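**Q** Below are the chains, spelled out letter by letter.
Number of protein chains: 2
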Amino acid sequence: MTTTSWVPVTEGSDFPVTNLPYGVFTPEGGSARVGAAIGEYVLDLAAALDDAVFAQPSLNAFLAQGRPRWQQVRARITELLTDEAHRELVEPALHRIDEVRLSLPFEVADYVDFYASEYHASNIGRMFRPDSPPLMPNWKHLPVGYHGRAGTVVGSGEPVVRPCGQRKPPQDAEPTFGPSQRLDIEAEVGFVVGTPSSMGTRVSTDEFAEHVFGVCLVNDWSARDIQGWEYVPLGPFLGKSFATSVSPWIVPLDALEPARVATPPQEPEPLDYLREQQSWALDLALEVRLNDEVVSRPPFDTLYWSPAQQLAHMTVNGASLRTGDLYASGTVSGPEPDQRGSLIELSWNGHDPVKLDDGSQRVFLEDDDTVTIRATAPGIEGTRIGFGEVTGTVHPARES
Amino acid sequence: MTTTSWVPVTEGSDFPVTNLPYGVFTPEGGSARVGAAIGEYVLDLAAALDDAVFAQPSLNAFLAQGRPRWQQVRARITELLTDEAHRELVEPALHRIDEVRLSLPFEVADYVDFYASEYHASNIGRMFRPDSPPLMPNWKHLPVGYHGRAGTVVGSGEPVVRPCGQRKPPQDAEPTFGPSQRLDIEAEVGFVVGTPSSMGTRVSTDEFAEHVFGVCLVNDWSARDIQGWEYVPLGPFLGKSFATSVSPWIVPLDALEPARVATPPQEPEPLDYLREQQSWALDLALEVRLNDEVVSRPPFDTLYWSPAQQLAHMTVNGASLRTGDLYASGTVSGPEPDQRGSLIELSWNGHDPVKLDDGSQRVFLEDDDTVTIRATAPGIEGTRIGFGEVTGTVHPARES
Chain D
1 MTTTSWVPVT EGSDFPVTNL PYGVFTPEGG SARVGAAIGE YVLDLAAALD DAVFAQPSLN
61 AFLAQGRPRW QQVRARITEL LTDEAHRELV EPALHRIDEV RLSLPFEVAD YVDFYASEYH
121 ASNIGRMFRP DSPPLMPNWK HLPVGYHGRA GTVVGSGEPV VRPCGQRKPP QDAEPTFGPS
181 QRLDIEAEVG FVVGTPSSMG TRVSTDEFAE HVFGVCLVND WSARDIQGWE YVPLGPFLGK
241 SFATSVSPWI VPLDALEPAR VATPPQEPEP LDYLREQQSW ALDLALEVRL NDEVVSRPPF
301 DTLYWSPAQQ LAHMTVNGAS LRTGDLYASG TVSGPEPDQR GSLIELSWNG HDPVKLDDGS
361 QRVFLEDDDT VTIRATAPGI EGTRIGFGEV TGTVHPARES
Chain R
1 MTTTSWVPVT EGSDFPVTNL PYGVFTPEGG SARVGAAIGE YVLDLAAALD DAVFAQPSLN
61 AFLAQGRPRW QQVRARITEL LTDEAHRELV EPALHRIDEV RLSLPFEVAD YVDFYASEYH
121 ASNIGRMFRP DSPPLMPNWK HLPVGYHGRA GTVVGSGEPV VRPCGQRKPP QDAEPTFGPS
181 QRLDIEAEVG FVVGTPSSMG TRVSTDEFAE HVFGVCLVND WSARDIQGWE YVPLGPFLGK
241 SFATSVSPWI VPLDALEPAR VATPPQEPEP LDYLREQQSW ALDLALEVRL NDEVVSRPPF
301 DTLYWSPAQQ LAHMTVNGAS LRTGDLYASG TVSGPEPDQR GSLIELSWNG HDPVKLDDGS
361 QRVFLEDDDT VTIRATAPGI EGTRIGFGEV TGTVHPARES
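Residue numbers (full-length UniProt numbering), protein chains in the order written: chain D, 1 to 400; chain R, 1 to 400.
Quick caveat, the hints were computed from the structure, so don't treat them as lab data.
It should be emphasised that the depicted structure is a prediction, and the values quoted were computed from it without experimental measurement.
There may be inaccurate statements among the hints.
Said to hold, decoys possible - Okay, derived cross-link-like pairs now, SDA-like style, lysine to any residue, Cα gap no bigger than 25 Å in a straight line:
#	chain 1	residue 1	chain 2	residue 2
1	D	Lys168	R	Gly200
2	D	Lys355	D	Thr393
3	D	Lys168	D	Ser122
4	R	Lys140	D	Thr176
5	D	Lys168	R	Glu267
6	D	Lys140	D	Gly155
7	D	Lys140	R	Gln339
8	R	Lys355	R	Met127
9	D	Lys168	R	Asp50
10	R	Lys140	R	Glu207
11	D	Lys168	R	Asp131
12	D	Lys140	R	Asp369
13	R	Lys140	D	Asn138
14	D	Lys140	R	Thr176
15	R	Lys355	R	Pro335
16	D	Lys168	R	Glu269
17	D	Lys168	D	Arg129
18	D	Lys168	R	Pro233
19	R	Lys168	D	Lys168
20	R	Lys168	D	Gly125
21	R	Lys140	R	Asp369
22	R	Lys168	R	Glu207
23	D	Lys140	D	Glu276
24	R	Lys168	D	Glu276
25	R	Lys355	R	Tyr273
26	R	Lys168	R	Met199
27	R	Lys168	D	Pro268
28	D	Lys168	R	Pro133
29	R	Lys355	R	Asp369
30	R	Lys168	D	Thr176
31	D	Lys355	D	Asp369
32	D	Lys168	R	Arg289
33	R	Lys168	D	Asn138
34	R	Lys168	D	Pro137
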């Protein structure tokens, strides 16, 4: 019943009616507002639901309303789009996605980036500390993470200017200043917080779905040379803070119920606060394209720490959540060489450059390169749903 | 002329008319609004200036108006408070500070914490890496910093709940979970950004006063045991993110002109983008009290990297600034043992506990301890101005 909409949905579309992700769009001549994607269309929710909470350029007001309201709205949109009786009333509120402008769908409160893929963390360890164990001693005890810059989280398609900064290759005696020569991507999955929490309290793994509204794609652009010189002892800073791109559509958790899988075995057993009653690992299949060519297919279900464990960890010290908080998984890499979510891994730090169809090869990104990340997941009633895409093109460094 | 207000100001007050710091206050039975401190009073600016930008519970709208407006408003307030002719009209807009509630004066956009005191960084290095040089190789080339959690920056007087988390002392085989046993303070100075900047552009050291509105005091509470276990390789996270306290008054840069001193000699000479035409080092005298007893007097003029250098570094990669961004200096420590801005330094990691007048001693904070940071600076026309205080009391850890 609910798998079929009166809106025409092409076979293989990211947005069957079982998905209904939320975004912010601006129709020609109109103002930015909240919509839900269906097939090739976006439904203007302020118009269709006659609710001012959607007549805003961000999802935050809706996110703050909490899970019962999220579920109510999702049920109502599903009803409107599947029951032919509503067609006449609803059709005028549909806009073709290719005729609107999509923007960053929410105001980012705090941005946290985790490091939760064992394959990614091990690859980095093997490359940079070949004589030590690939994982740091703390890695299997807690989801390592850090705060990023919320103010430079941008929407898909926003230009990414190659950053300048200090870098000091090991063979040089002194650092020099200039454009990053090791500009990289990180293919990640992001989680958007709706319901806030109070300072001094914790959010347990069980409460994940009460607080997290939905899931998006993230490209955490990284300047490896800047990062490599700056990061001891306080972590990444300017090597990351120049730009982080987020996909325009937030897929609600309710659409991802069929994508839930078991969190991989964790050994040693995590401390109590990190245990899950019911796993929130997700079977998402990511795809990374460099200039339209697929260079990697990272599997999200291989993530060592689940998003519910990340949330519980982030708040176990009493840190509060705010509506609009974004936390990302860290680079998603699988066990196979063509499942790695960053160029530094795909090229094994330059030892094995990525060969492209046009005959060129890449160790890191060149100016004008475009990187696009997509993902799909099992959806309700045997459908397959998609996340749309997050894309960005590298613009040359600026002299000042 | 401008040193004398018709408002009575006690000798030694933090708030002579040459200071005029801005804050947010709530009068009994009224709503939160912007005010300026004068002696024992706060001037209701929405009432005195008849300007709705001040009739808000945060300074952000005023901060966004930019430097020419900041200077205009300061000149006007000075005129109102020094010219007896305005007394009759202005007096009803004065409230006794001890009869209003002060709150966090601005909405924090991004929060960055630097590590800019050479004495502090060297002390930490000497304690934890006794066999290595006290400073990391990058430290004298760039102001090391990282992003903190903006959502847990709180106003002075807000309770600080002792955080729980994972910690693993070196002698233990496995981490355990529980309340932090090494809860510490960090006495810092914060800089509040007013004028934003665009992504992809840099803010030079010369543009510091165009972007930074003013200066406040910061206590960056730190759980050393949590931090020590988590921080490799991505830096501090839960060891810091549970709370950061900020003073209620933002002292405008214009009030601190007489406090400007030369940035200490920097060797090696910093890269071009970090050089200052005119130094923005500031001669602030900090004072740290533990349960009303002075335990340290950190001198801010010993800071290695000036706040203008910190700002230029933070944006050199093209990261944008937003109104409400806060960046803090990192712990301020001077060369003398009684000038150290954290307990871990004052007690030399427990080897030399801090002795208090009541006969007790401290290595780290106990429940119910209150920490208060104050500061003064040379003001206009030979006055001495103060920052008020940032205070916080440790509440016991919560079981869940």
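**Q** Confirm or reject each hint.
**A** Evaluation of the provided hints:
{"no.": "1", "hint": "D:Lys168 / R:Gly200", "result": "22 Å, holds"}
{"no.": "2", "hint": "D:Lys355 / D:Thr393", "result": "19 Å, holds"}
{"no.": "3", "hint": "D:Lys168 / D:Ser122", "result": "24 Å, holds"}
{"no.": "4", "hint": "R:Lys140 / D:Thr176", "result": "13 Å, holds"}
{"no.": "5", "hint": "D:Lys168 / R:Glu267", "result": "17 Å, holds"}
{"no.": "6", "hint": "D:Lys140 / D:Gly155", "result": "33 Å, violated"}
{"no.": "7", "hint": "D:Lys140 / R:Gln339", "result": "39 Å, violated"}
{"no.": "8", "hint": "R:Lys355 / R:Met127", "result": "20 Å, holds"}
{"no.": "9", "hint": "D:Lys168 / R:Asp50", "result": "55 Å, violated"}
{"no.": "10", "hint": "R:Lys140 / R:Glu207", "result": "22 Å, holds"}
{"no.": "11", "hint": "D:Lys168 / R:Asp131", "result": "24 Å, holds"}
{"no.": "12", "hint": "D:Lys140 / R:Asp369", "result": "35 Å, violated"}
{"no.": "13", "hint": "R:Lys140 / D:Asn138", "result": "29 Å, violated"}
{"no.": "14", "hint": "D:Lys140 / R:Thr176", "result": "13 Å, holds"}
{"no.": "15", "hint": "R:Lys355 / R:Pro335", "result": "20 Å, holds"}
{"no.": "16", "hint": "D:Lys168 / R:Glu269", "result": "16 Å, holds"}
{"no.": "17", "hint": "D:Lys168 / D:Arg129", "result": "18 Å, holds"}
{"no.": "18", "hint": "D:Lys168 / R:Pro233", "result": "18 Å, holds"}
{"no.": "19", "hint": "R:Lys168 / D:Lys168", "result": "33 Å, violated"}
{"no.": "20", "hint": "R:Lys168 / D:Gly125", "result": "21 Å, holds"}
{"no.": "21", "hint": "R:Lys140 / R:Asp369", "result": "35 Å, violated"}
{"no.": "22", "hint": "R:Lys168 / R:Glu207", "result": "44 Å, violated"}
{"no.": "23", "hint": "D:Lys140 / D:Glu276", "result": "15 Å, holds"}
{"no.": "24", "hint": "R:Lys168 / D:Glu276", "result": "23 Å, holds"}
{"no.": "25", "hint": "R:Lys355 / R:Tyr273", "result": "44 Å, violated"}
{"no.": "26", "hint": "R:Lys168 / R:Met199", "result": "40 Å, violated"}
{"no.": "27", "hint": "R:Lys168 / D:Pro268", "result": "15 Å, holds"}
{"no.": "28", "hint": "D:Lys168 / R:Pro133", "result": "19 Å, holds"}
{"no.": "29", "hint": "R:Lys355 / R:Asp369", "result": "14 Å, holds"}
{"no.": "30", "hint": "R:Lys168 / D:Thr176", "result": "38 Å, violated"}
{"no.": "31", "hint": "D:Lys355 / D:Asp369", "result": "14 Å, holds"}
{"no.": "32", "hint": "D:Lys168 / R:Arg289", "result": "41 Å, violated"}
{"no.": "33", "hint": "R:Lys168 / D:Asn138", "result": "9 Å, holds"}
{"no.": "34", "hint": "R:Lys168 / D:Pro137", "result": "10 Å, holds"}
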